[in-house]
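Trainee: So you can see what is in the structure, the chains are spelled out below.
There are 2 protein chains.
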Amino acid sequence: MIIAVDAAGGDFFPKNPIEGALFALNEDASLQIIFVGPEEILSEELQKHTYDKSRVQVIHAPEIIDMHDSPSAAVKSKRNSSITVGINLHKEGKCDAFVSAGNTGALLAASTFILGKLEGVLRPTIASYYPTLKGFRLLVDAGANLELKPEHAFQFAKMGQIFCKQVMGIDNPKVGLLNVGEEDEKGTDEMKEIHQYLKQLKGFVGNVEGRDIFPAKADVFVTNGVVGNILLKFGESIPSALKHMVKESANKGLLSKLYLLAAQKVLRESLQPFNYENVGGIPFLGVNGISIVGHGGSSPLAIKNMIKNAINCVQSDVNGKIVASLN
Amino acid sequence: MIIAVDAAGGDFFPKNPIEGALFALNEDASLQIIFVGPEEILSEELQKHTYDKSRVQVIHAPEIIDMHDSPSAAVKSKRNSSITVGINLHKEGKCDAFVSAGNTGALLAASTFILGKLEGVLRPTIASYYPTLKGFRLLVDAGANLELKPEHAFQFAKMGQIFCKQVMGIDNPKVGLLNVGEEDEKGTDEMKEIHQYLKQLKGFVGNVEGRDIFPAKADVFVTNGVVGNILLKFGESIPSALKHMVKESANKGLLSKLYLLAAQKVLRESLQPFNYENVGGIPFLGVNGISIVGHGGSSPLAIKNMIKNAINCVQSDVNGKIVASLN
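If you read the protein sequences in the order shown, they are chains A and B. Mapping of the first sequence onto numbering that gives the first Met the number 0: residues 0 to 326, in sequence order. Mapping of the second sequence onto numbering that gives the first Met the number 0: residues 0 to 326, in sequence order.
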């Protein structure tokens, strides 16, 4: 298994991608890593580590796409960026997957342009892990498709189900359409039409509401990219908001020092299900390859788990199963 | 000040509306209450309480609109429901405001049909309180307008600012457009157009993201009713989800009994900013009257605060200020 890692992506490159990938390398003897990025910077960082050099390669990619670059423009103009070079390596079959903590839009654009779509797929989508009381579930679309056509929504739901089953180990994944009420006739005309399409899908449980996310009333929550993106970023902000609230209560003298320490410990443990580091990255579903993007602030642990996630996608043949189900 | 109270609305009528309103009556000597609902049921409940009978009136409304009734149909077919009778009382000037923990859609429909719109208002909107690290802020629209036209969004933002200033005591309220990114050109065509309209508004801080809600980067978060409604219900589910998570950690043996008790106490205190009982209800902005709706599960405390909120709306002349600002 060869995984290419964007060593010039995210807020903490090259340190975190390299450290995380070397963790993964250490845990899996059959793994090989290709680091993609500016050679000089990468080599300097790699010198700080001890690792099995026979399983690590560096591919030079001098240009850097940062978080502020416009995705499609960056992919077209920076042909020597780590993202473009890495995705091209994957296209050429030189690695089994590419993972990045870089610019999500640029990686999506590069994946779509260079890898192309899987046979039968109308549109690729970003499916995001979402924390619930039953563990992570899937939110789709998380920002790639701001408007949702019924035939796209149907495919996103189906691809989400396959990912849930194959990678997340959820049997018979349930699909719910995020809506403003449970009744079939709720929502905009677009949502009503999507509801009708989804009715043909095995596992569709109907409309679900905002309050149904935490109890995981569905395993795949289908929504448009606007709702998905806002919910995703809102959800990510919950843990730090809570920590802040607890601290504020303490500052107001409502809590004794002992209570505060206990509460902080409890919060840390209780909020583990929210910890994105445990999954590391979110997959683009529908592209002809395995391309995973992580949070810009990815820690080494997150990078390691993103690589494991990629391996999981390859080994479970998610893409083969998507093609089989759509054709 | 005369407030009419829907005593046949919500999950716990007549008990909670009556208990809550009598609390309010007790705290404010200038307040008069009109209970609207089935007379027999209300009288029986009122007999359980001691209160100043000279300031309380019961108006008979035998029909009940429940949570499953279709809003507009219910308003048209159940002309003797507490909602229709109560809103008509307000229309006739027999009370200064109407508050209800009943069917939101039905109250919105009745308020719009019977009270009509304020001069210059294109569409009424539901503005919802939203918990942030700085206290409650406003989310508009929270479900009344699933699609958002730019000219409506502009008015919602303006009405939201006035409500923030007059009722919530927030000076120079900032308006943000919930979007998938901060840059001006982000979002759907609809959102880009709304952004252009909002640029003309004093206090507009631009696009804001899901992660900007908790830190209250804006005071008025403008969004369509789909996003607003999903976010609102998701937000409401956070406290119980957290309590569940803490309990789960305890059940898994991760926490000692002592830690658990401490954490539960801390959570209770820290989550006070989330407690909707403290505000009680959300106003419809743009209708020609003061009509406030609360959560179906409203406690007596929530009902009391909903009444206080209504008084606040009347005394600060929110509606007069909205008309002045729009015309």
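Treat the hints with caution; some may be incorrect.
In this list, chains with the same sequence are indistinguishable; a pair is considered to hold if it fits within one copy or across any two.
To be verified - With a Cα cut of at most 25 Å, we get these calculated DSS-like pairs of lysine-lysine: (1) 75 / 216; (2) 116 / 256; (3) 198 / 93; (4) 307 / 242; (5) 173 / 232; (6) 133 / 116; (7) 116 / 47; (8) 242 / 148; (9) 198 / 216; (10) 264 / 148.
Don't read these hints as lab results, they were simulated from the structure.
Trainee: Each hint: holds or not?
Mentor: Now for the hints, and whether the structure bears them out:
1. 75 / 216: Result: close neither inside a copy nor across copies, 41 Å intra and 34 Å inter.
2. 116 / 256: neither (56 Å within a copy, 53 Å between copies)
3. 198 / 93: neither (41 Å within a copy, 49 Å between copies)
4. 307 / 242: neither (29 Å within a copy, 31 Å between copies)
5. 173 / 232: both (23 Å within a copy, 20 Å between copies)
6. 133 / 116: neither (32 Å within a copy, 45 Å between copies)
7. 116 / 47: neither (39 Å within a copy, 69 Å between copies)
8. 242 / 148: Cα proximity of residue 242 and residue 148: none, with 39 Å in one copy and 37 Å across.
9. 198 / 216: within (16 Å within a copy, 39 Å between copies)
10. 264 / 148: Answer is neither; intra-copy 45 Å and inter-copy 46 Å both fail.
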